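Protein chains: 2
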Amino acid sequence: MKSAEPTPQRGPTVGRGSRMRAAVLAATITELTETGYAALTVDAVAQRAGVHKTTIYRNWKTSDGLVADALAHHFATDIPIPDTGAVKDDLRALARALVATMTTSAGRALLTTALSDTARTPQLAEIKRALFEDRFRRAEPVVDRAVERGELPTDTDPGELLKALVAPIYFRLVFTGEPVDETTADRAVDVALAAAHAHALPTP
Amino acid sequence: MKSAEPTPQRGPTVGRGSRMRAAVLAATITELTETGYAALTVDAVAQRAGVHKTTIYRNWKTSDGLVADALAHHFATDIPIPDTGAVKDDLRALARALVATMTTSAGRALLTTALSDTARTPQLAEIKRALFEDRFRRAEPVVDRAVERGELPTDTDPGELLKALVAPIYFRLVFTGEPVDETTADRAVDVALAAAHAHALPTP
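Chains A and B are the protein sequences, given in the same order. The first sequence lines up with residues 1 to 204 when you count with this note's numbering. The second sequence lines up with residues 1 to 204 when you count with this note's numbering.
It should be emphasised that the hints constitute simulated quantities derived from the structure, not laboratory data. Don't take each hint at face value.
The list treats identical chains as one, so a pair stands whether inside a single copy or across any two.
Think about it this way: if two alpha-carbon atoms lie no more than 20 Å apart in a straight line, the pair counts; the simulated SDA-like pairs of lysine to any residue are [claimed, not checked]:
hint: 1; residue 1: K88; residue 2: P202
hint: 2; residue 1: K53; residue 2: V42
hint: 3; residue 1: K88; residue 2: H199
hint: 4; residue 1: K88; residue 2: A198
hint: 5; residue 1: K88; residue 2: H197
hint: 6; residue 1: K53; residue 2: A22
Quick caveat, the model's predicted, so the values are computed rather than measured.
Make a model of the complete structure from these sequences and hints.
Put into structure tokens, the structure is as follows:
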């Protein structure tokens, strides 16, 4: 988005507007972390960001729109895409980065937010789907390159492999309350690679 | 629990009390399905179950206690443990039963409830952990029998295999919004078995 005009969907992105946007989104993440989605108010975000609340309403319309944008911004920038030349190293880097970002207090708070009663907030449900699609799309070259190098079977579906990689990590984060650490990440890599080599993650 | 006395933790379990308990828990599940956890009231449950609300408070103390008991009751009885003599058939039966129960409107509502802001309701967080532990413990003999028959490596950890089995199913249910069906279940089985055969699910 290179326009100099504020965009209604995402807030302004350049110059003074860009700094305002960054401050508001950061304040939103902090508010989500400290007080949670249910108790979040535009007033509190505005105060923390040092802007007037009408500025927020003008750019984001609703608090749900603000939260959705803050989540999208956070999740679009927290995991770098590796290219080490070896699939196992690339997947370990991805899985470990996911574990690192999701086990911070902000990561846990944002996960809780994304899991809020999305039946009541369709905008959050939609942004959650879009966030995961975007994350997978950005990471798919890791699998494509491994297939090109002959490290993985040619029938490997990149999206399926990436879902096999992250599912055990999210499952532990959300449901079991077990420790989630680098061992969790590395095991998830072993499971995903074994599945790919056994042709259990084929393209449709 | 064979006592004829109502138990404060779980409500009464035999005779007239048992019928009352079944009616109240069923009413709670229906209320969770139709109106959701955030809007659930003991009044509405009492009316639907045909009991006085003081009966509910006497047996469950709080609405969170009631919800926790209803979830525990539902999740303890919805997936039968198979014993076909073949690990692939057993795991398919488990995974397909999980998909079947979690894709009903009640299943989705209960999943949403379990994912509610558990930071604010520690009782729900605790019951969620206990539910998953219980589910895995009941299914572990499926893996133990497969190891005894020589179908799986002796280093296979039953809990790790079962988590590898269900994680891709829950991941899709909770995060991606993709269809979840028997194909999802059967693929999850292929992934879990490939991982076990590659020794990627070892006992600690």
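Indices of hints not satisfied (ascending): none
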